[in-house]
Amino acid sequence: MKLEKSPVLMRDALCSTLVAAAEKDGRIVALDADLVGSSGLKPFFKKFPERAINCGIAEANMIGVASGLSLTGKIPFAHSFGPFASRRVCDQIFISAAYARLNIRVIGSDPGVTAAYNGGTHMPFEDMGVLRSIPNITLIEPSDPVALAAITKQLAGDEHYGVYYIRMLRKDAIAVYGEDEQFEIGKAKVLREGGDIAIFASGIMVAEALQAAEELAARGIQATVVDMFTWKPIDTELICKLAAKVKRFVVAENHNVYGGLGSAIAEVTAVNCPVTVKFAGVKDRFGQVGKQNELQAEYGLTCAEIVKAAEEL
Amino acid sequence: MNLKEFAKEIRVTTLKQLAVPGFGHVGGAMSIVETLAVLFGEIMKHDPKNPDWEERDKLILSKGHAGPALYSALALRGYFPMEMLDELNKFGGRLPSHVDRTKTPGVDMTAGSLGQGLSVACGVAMGDRLSGRVSRTYCIVGDGELDEGQNWEAMMFAAHYKLSNLTLFVDNNKVQLDGYTDDVMRLGDISAKLSAFGWKAITVNGHDTDAIRSALIDGAGEQPKAIILDTVKGKGANFAESAVPNNHHMTFTAEQIDAAIKEAV
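Protein chains in written order, with the working numbering: chain A, 210 to 522; chain B, 7 to 271.
Pulled out of the complex, with its shape left as it was, chain A reads as follows:
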């Protein structure tokens, strides 16, 4: 499998999808917290000034406003950088949105090391973990613009009601999917099949996992690779099926291994289908400034780390 950069930036896929949805549906509202210049939502703000709300640097209020808009039947999409769209507003998402059973979408951008030069203050290794204990919340990390656009389109419609957090890479992504790929929230994507181990990944780690599978194949280890783009609700069925088949898992995540994707998968296997799980993720550390590739090496978010974990199994 040849991995190449997608010609479309993630944020542009988000914005064009939202603009298309908003053209047809007056309920779509976009909110941002003084990051319209970063989120890619400028064209939306230009085209629908009434339905585009810059809340200033006030994320807690933004989540409350989104919840209130939902009370009047709107479908709000609220963006900020990941840490400020999750840990900073955890109680607002919990109470004003989730506990009140309202219908909002929160987009947290620059997952983990992709915050790069913004450093540790802006580098969420915890966003999914912070939100994962909120009952019934849905947590999604799309791996490329095709996935992001397809999921955003679904979330702009009536088939989904509730609180959705999209962990969004903002700029370049490796193209994983063809244009016509279909996605069902809660159902993971098997990208490659192999009978020895299974590698679960999402976001930027999907490309690393695919590359790792190639290297492992050269060494005689056949790996199944899964894009676990929905972290919650986790795809229990697929996990159990693969556990029965391969019995050894590696989970690769651009997130703290505590409370992250690996934890979610291990919670399933521990109860239903015990298997050995290795974690290739951030080992309970804070972020720092650096180039994305430097940071990936520093925190073990690489193809090499996945290969190492697989070989240890």
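A hint or two may mislead.
What the hints assert, rightly or not - A few chain B residues facing chain A, derived, Cβ under 10 Å:
1. Ser103
2. Arg107
3. Gly155
Read the hints as simulated data drawn from the structure, not as lab findings. Remember, predicted model here, so these are calculated numbers, not experimental data. Idealized CB from N, CA, C, for every residue including glycine.
Dock chain B against chain A, hints included.
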């Protein structure tokens, strides 16, 4: 409707309601009785038979612990049977200590984690405006609740976006859980602060239904309106009033409640 009489009914009904569990947030419930009477007795556009009517005016009770007073107003206006008031704080019941939109007909928003309601009210006011509805949104916050910084984010937001269909009530009863607001966290001149934030601010006697009514009718142009209610925590219930500033959450006897009801009527 005679608003003074309606307020009396809400007060008595709330006391009876609180008598069932024998404990509760009596202080902050009593202080907003007259405001609820004016809203539900005259000012608000609403339909008890159709609580989800989209064109209705909405009320976000951000100080969610004052639920019992709101439950009384709703029951008296026919949102649900009076007998349901006995469910206050009962396991599996529909009237939790803090208001919950998913459990109680007529409750527009869930609240209890203080400081969040005004933001939600801003969203509702904006959503109704976007939808072209001629609906107003009312929000009641406690004075102590203003310690929460999110309120001030929302105040800026409401003024910036000229949410003239939004009215905020500040229940200025001068007391929060740990004591007088002046001792716990000085709020200063709430009216001046709201004015400085771009709101039209009016201070009234929060136990005078005529004054509240006038303040509500008073136009505010493009500005959001804030009505600062000068109130007494525990108003009208002697056992609670005399316990100020320690009357946020109290236990009480049937005799105390009976005496308070006699006094009220």
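Taking the hints in turn, this is what the structure says about them:
1. Ser103: violated, 14 Å
2. Arg107: holds, 6 Å
3. Gly155: holds, 8 Å
Taken one by one, the earlier hints fail for this structure only at number 1.
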